[in-house]
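The primary structure of each chain is shown beneath.
There are 2 protein chains.
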Amino acid sequence: SQITLSAQFYDSGTPSFNPLVVLELISDTKEEAIAWLLSRIRTPQQAGGAGLLVEQLGPGVSAEQKDNPNLFLVGASWERLLSGAEDVGLFKEYSDGSMRGFTCANNHNFKDFQGDGAGFLSMAECQYIIKHELETLRAKDETHIPGYSNAKLYPGKSIIRRLLSKGILIQMFPLHHKEELKRLSFSWYKKIKLSLQPLDEIRHYYGEGQALYFGFLEYFTFALVPMALFGVPYYMFDWEDYDKYVAFAVFNVVWCTIILELWKRSSATLAYHWGTLSRKKAFEEPRPGFHGVLGYNPVTDREEPLYPNAKRQLRIYLVSLPFVLLCLYLSLYVMMIYFQMEGWALSVHDQDPSFWTGVLLYIPSIIYAVVIEAMNLVYRYAAEFLTEWENHRLESSYQNHLVLKVLVFNFFNCFASLFYIAFVMQDMVLLSQSLATLLITSQILNQFMEAFLPYWLQRRRNKKMIRKVQKRRTPGDKELPLAEQVRLEADMSTYLGTFDDYLELFLLFGYVSLFSCVYPLAAVLVVLNNVTEVYSDAFKMCHVFKRPFADPAANIGVWQLAFETMSVIAVVTNCALIGMSPQVKAYFPESETQLILWTVAIEHGLLAFKFILTFLIPDVPKHIQIKLARLEFESLEALKKKVNRFVWIL
Amino acid sequence: SQITLSAQFYDSGTPSFNPLVVLELISDTKEEAIAWLLSRIRTPQQAGGAGLLVEQLGPGVSAEQKDNPNLFLVGASWERLLSGAEDVGLFKEYSDGSMRGFTCANNHNFKDFQGDGAGFLSMAECQYIIKHELETLRAKDETHIPGYSNAKLYPGKSIIRRLLSKGILIQMFPLHHKEELKRLSFSWYKKIKLSLQPLDEIRHYYGEGQALYFGFLEYFTFALVPMALFGVPYYMFDWEDYDKYVAFAVFNVVWCTIILELWKRSSATLAYHWGTLSRKKAFEEPRPGFHGVLGYNPVTDREEPLYPNAKRQLRIYLVSLPFVLLCLYLSLYVMMIYFQMEGWALSVHDQDPSFWTGVLLYIPSIIYAVVIEAMNLVYRYAAEFLTEWENHRLESSYQNHLVLKVLVFNFFNCFASLFYIAFVMQDMVLLSQSLATLLITSQILNQFMEAFLPYWLQRRRNKKMIRKVQKRRTPGDKELPLAEQVRLEADMSTYLGTFDDYLELFLLFGYVSLFSCVYPLAAVLVVLNNVTEVYSDAFKMCHVFKRPFADPAANIGVWQLAFETMSVIAVVTNCALIGMSPQVKAYFPESETQLILWTVAIEHGLLAFKFILTFLIPDVPKHIQIKLARLEFESLEALKKKVNRFVWIL
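One line per chain: the protein sequences are H and F, in this order. Numbered per the working numbering, the first sequence spans residues 26 to 675. Numbered per the working numbering, the second sequence spans residues 26 to 675.
I should point out that these hints are in silico values taken from the structure, not numbers from a laboratory.
Straight-line C-alpha distance at most 27 Å; calculated BS3-like pairs for lysine-lysine:
(1) H/LYS610 / F/LYS610
(2) F/LYS652 / H/LYS306
(3) H/LYS306 / F/LYS289
(4) F/LYS306 / H/LYS306
(5) F/LYS306 / H/LYS305
(6) H/LYS306 / H/LYS289
(7) H/LYS289 / F/LYS336
Hey, can you work out the whole structure from these sequences and the hints?
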């Protein structure tokens with residue numbers, strides 16, 4: 026995985042270094058700010074700089090007046106990258122096969138470390154290191170960014186974050202590697218095959234966060250296969266006989282508990298082999314948008330903005346929470362209007378059936394579907410605005426609050442009508458019809474909105490760029506020169522993280538686990554959807570979006586919790602559906618009370634069993650636990666010896 | 026807190042050192058084994074020994090033929106104790122008020138460290154260090170204990186653990202400190218006062234595990250006060266009107282959720298100030314009774330017995346679990362017999378009431394109470410035997426399995442009849458009577474069995490010893506010489522840990538949280554019980570038992586989980602009691618189904634709310650979190666610098 030971009034780069038006449046990351050400043054950035062920033066980036070670390078290499082991007086063969094000249098390519102020497110790997114606490118494979126924190130002093134004991142270490146780090150790792158070094162490039166005694174007296178700095182403030190929050194730095198993104206990308210996309214989705222996704226290669230190119238998403242998608246698809254196999258005969262032989270679903274509901278409850286527990290173990294195994302499981306998180310910086318009164322952080326004693334926690338809590342509980350509840354109420358209200366409209370349409374059709382009243386029957390569903398989508402969209406913006414306004418110090422805390430807000434509303438919007446049909450109207454035929462409609466339409470919409478539309482837009486842009494270049498070059502040379510390639514990537518849409526991908530999986534998991542017993546084909550549909558999802562997601566990652574920075578995740582984070590919550594709700598709904606089935610009702614001919622009490626008792630038993638299972642199944646497989654314990658034991662022993670030796674030396 | 030025993034010790038004519046820990050070997054131990062053990066203990070650490078001081082206890086003034094001569098006193102120099110403090114990872118207060126891991130290199134930056142460090146460590150800490158050093162005294166190339174060819178050793182095996190498991194070492198216990206004990210017992214329970222317990226002093230003398238128990242007892246008592254205050258007017262004005270208990274049940278549910286969350290925070294605060302919160306656990310040794318085939322531990326690569334986990338799991342799931350279930354069934358069966366007997370006694374009394382049939386009414390309850398106690402006792406032995414047979418490698422895992430077994434059975438035994446009365450017989454008057462009877466009798470029994478009986482036995486032994494000594498000494502000198510004092514303490518009963526104390530609190534918590542709405546005085550009774558419990562527990566710790574080794578606990582461990590599980594069950598029972606109250610039933614005159622559905626819905630809502638609360642309330646208070654984060658940040662920074670400097674030095 027040597028980086029071979031340098032060959033291309035010689036063409037532009039700049040000194041030889043591998044460009045890894047691009048910084049784009051606004052086109053009218055003041056000269057003194059640029060000069061200052063470049064010198065700070067170039068200054069060696071010992072003198073308080075970042076010690077990186079940086080060059081301005083040349084105009085390229087197809088330069089136009091409107092092109093932004095302020096694109097900068099950042100790279101670094103191998104030596105610098107290796108010391109950066111130690112700074113970020115990268116875990117690499119050791120000669121004995123275990124994963125250990127990389128240290129320069131100990132470098133030759135790591136597997137695949139040869140010579141000066143060129144090729145030891147993957148390109149994604151190098152880019153992550155450069156991002157980290159740029160973000161931790163701190164102001165010294167500057168009071169503001171040169172030329173921008175309103176862009177205040179104070180000792181220790183991250184320069185890049187201030188440039189970002191003031192809008193001077195438009196974006197910072199890692200470059201694609203054409204050759205590697207071609208190889209990856211070929212082994213990922215271009216060959217028709219029945220093999221698994223190349224998770225290690227995905228991780229190599231995109232980092233652990235992405236790879237875990239695709240790992241989860243794959244796992245989830247395989248986990249659905251037994252349910253799909255179980256569902257097909259149900260669909261074939263018992264379609265109208267929907268009271269046969271008790272066995273299916275029981276299967277559902279067991280299934281959704283077990284797969285989530287097993288995923289935790291698979292995820293831990295993956296994360297161990299990728300070196301993120303035992304990696305310690307560095308101290309988190311405040312996010313760029315965070316503001317407050319300057320003060321001293323009680324943990325680091327560094328100067329940084331402080332914002333009282335009590336004020337944030339007040340904003341959360343007095344504004345955000347009521348707002349979310351209001352939105353939920355609104356959503357409920359819209360749902361009730363939908364059911365009224367549907368009832369009205371049905372009565373019109375019944376009174377005087379004609380072609381037009383037949384069409385009228387579909388109108389309420391269509392309006393409701395459109396309104397739901399619109400509400401989700403508007404709510405998403407409102408949630409982002411509110412979470413921004415809550416002024417969280419850490420990106421992780423911001424993300425958690427945003428996910429929670431969006432999740433609750435989306436869950437409510439998507440499932441409220443199904444809950445109403447199932448438990449208030451108790452109409453199982455309608456429930457299975459609604460479920461099928463929702464699943465199929467949402468899948469078609471999603472695939473279209475997510476992959477084909479952005480692809481089509483990107484393709485148009487690509488072609489325009491190639492045409493532009495070809496005007497000035499010999500035809501037939503389809504490879505873009507570096508300057509054009511960088512400008513093309515700078516124009517690509519930014520990948521906003523795995524949020525929407527996980528949200529989609531979460532809703533699909535909901536359809537399958539909550540109600541699939543009344544529509545056993547749901548699992549089959551979701552499996553089919555997931556298979557195409559793999560391809561469309563892979564495609565959009567490779568060709569539609571800018572390359573994202575690697576995210577050294579050890580697990581799927583808050584989504585694990587979200588999926589587990591859904592599985593608890595699934596126990597409740599499945600038990601309720603079992604209790605409502607005519608088959609079960611037949612056992613309690615006289616007393617409905619007895620039936621309900623038994624259902625509730627069994628539900629409580631299942632919930633208790635679920636929690637006990639969660640305790641009993643260890644989150645990390647035994648062999649990984651042993652490896653982790655071994656590492657910790659060795660580091661404790663080594664520390665003891667080192668401290669002793671250190672004391673002796675002094 | 027200087028140790029002043031040495032003055033007494035001069036009398037016996039042995040060299041001056043502070044005796045801290047006593048080792049008692051069986052009286053016919055082979056000479057070569059004793060000589061070898063003493064030399065291993067005395068050998069300096071660099072040469073692979075423990076580097077401690079050890080002397081045989083002299084015969085004393087009242088020596089008798091039957092006295093065991095093989096009592097050894099172990100102590101250490103201050104220097105050795107301080108380096109031991111570093112070995113065990115002791116946290117002490119730093120000059121800036123934070124708690125840090127003690128290191129000898131850095132000793133003068135710790136608060137209260139003066140001169141050579143004499144008096145820096147409390148006696149309990151010294152004893153804990155000596156215990157640790159003795160337990161980690163390992164065999165080198167010995168193949169067996171000299172003189173005992175069947176007591177096999179292998180390199181790395183803990184010598185003390187082998188001596189214990191072969192029965193050569195009878196016991197190892199820390200000595201009391203008469204002066205300190207007198208001061209502690211005075212401030213703890215001898216003066217009548219309304220102040221809090223001296224938790225810091227308890228921790229100073231007995232260690233963190235004990236202090237946390239007394240802290241929890243105190244916290245629990247204070248937490249019960251609002252409920253007791255709430256209960257008294259209920260009792261005074263609405264005694265027979267037991268359907269007024271809805272408000273009380275709601276109060277119960279909220280109360281038991283909140284107090285447990287708040288306890289976690291108090292406990293974290295205490296543990297932080299005692300330095301156990303962030304202390305890292307050392308690698309745990311196998312427990313003395315653990316056996317298996319010799320092999321290499323995959324974590325440490327040390328030679329030790331290995332026992333396959335799968336085999337242990339089989340024993341747990343195929344033997345222990347069925348056994349526990351069988352016992353539960355038996356307990357249920359006994360309960361049913363009790364209710365039949367009671368019904369029969371009642372019918373006899375109703376047919377022909379006389380004095381003797383009146384007495385007969387009490388017979389079933391008495392028999393049942395006796396049978397329950399007997400079953401608990403027998404079961405306890407069976408549980409200990411089974412858990413021992415499961416062959417757990419670690420003491421902590423053994424304890425957890427034992428607690429779980431005993432807890433489930435005790436819960437069932439104590440509460441099954443109440444559940445039956447409440448939900449099957451639905452007789453609230455009988456429920457409140459049974460609750461009152463159970464509470465009062467169990468309290469009286471407990472106090473008697475726990476404190477007064479052992480006290481009385483110990484007192485007799487004490488007096489005998491003093492009389493024996495006084496025969497040979499001038500009368501009036503009531504202070505015992507050291508040799509007699511040690512022999513006296515060696516004869517005292519061994520304190521078996523906080524297990525039974527927590528179990529008692531757990532059952533009391535159950536009575537209060539599950540059913541107290543039908544008997545509002547329960548909280549008042551439990552408060553009274555706890556107040557006397559503080560005194561009797563304090564008394565038995567100071568005067569009945571041998572001093573226990575300190576246990577550096579950071580929380581109440583598995584008991585937190587047990588209490589939280591109880592509070593979840595409390596939500597369910599309280600909701601059920603609310604749903605069954607005539608008051609609530611009046612709202613749903615026609616439909617019982619509606620009533621049950623509403624009750625279940627509210628119960629689910631409360632459970633969800635409870636889990637959300639658990640997430641929202643941080644387990645560690647903010648200011649402690651900041652201190653911990655600060656420490657971690659500093660150690661990370663320091664490590665970076667140290668590694669750099671270290672590399673430079675090399």
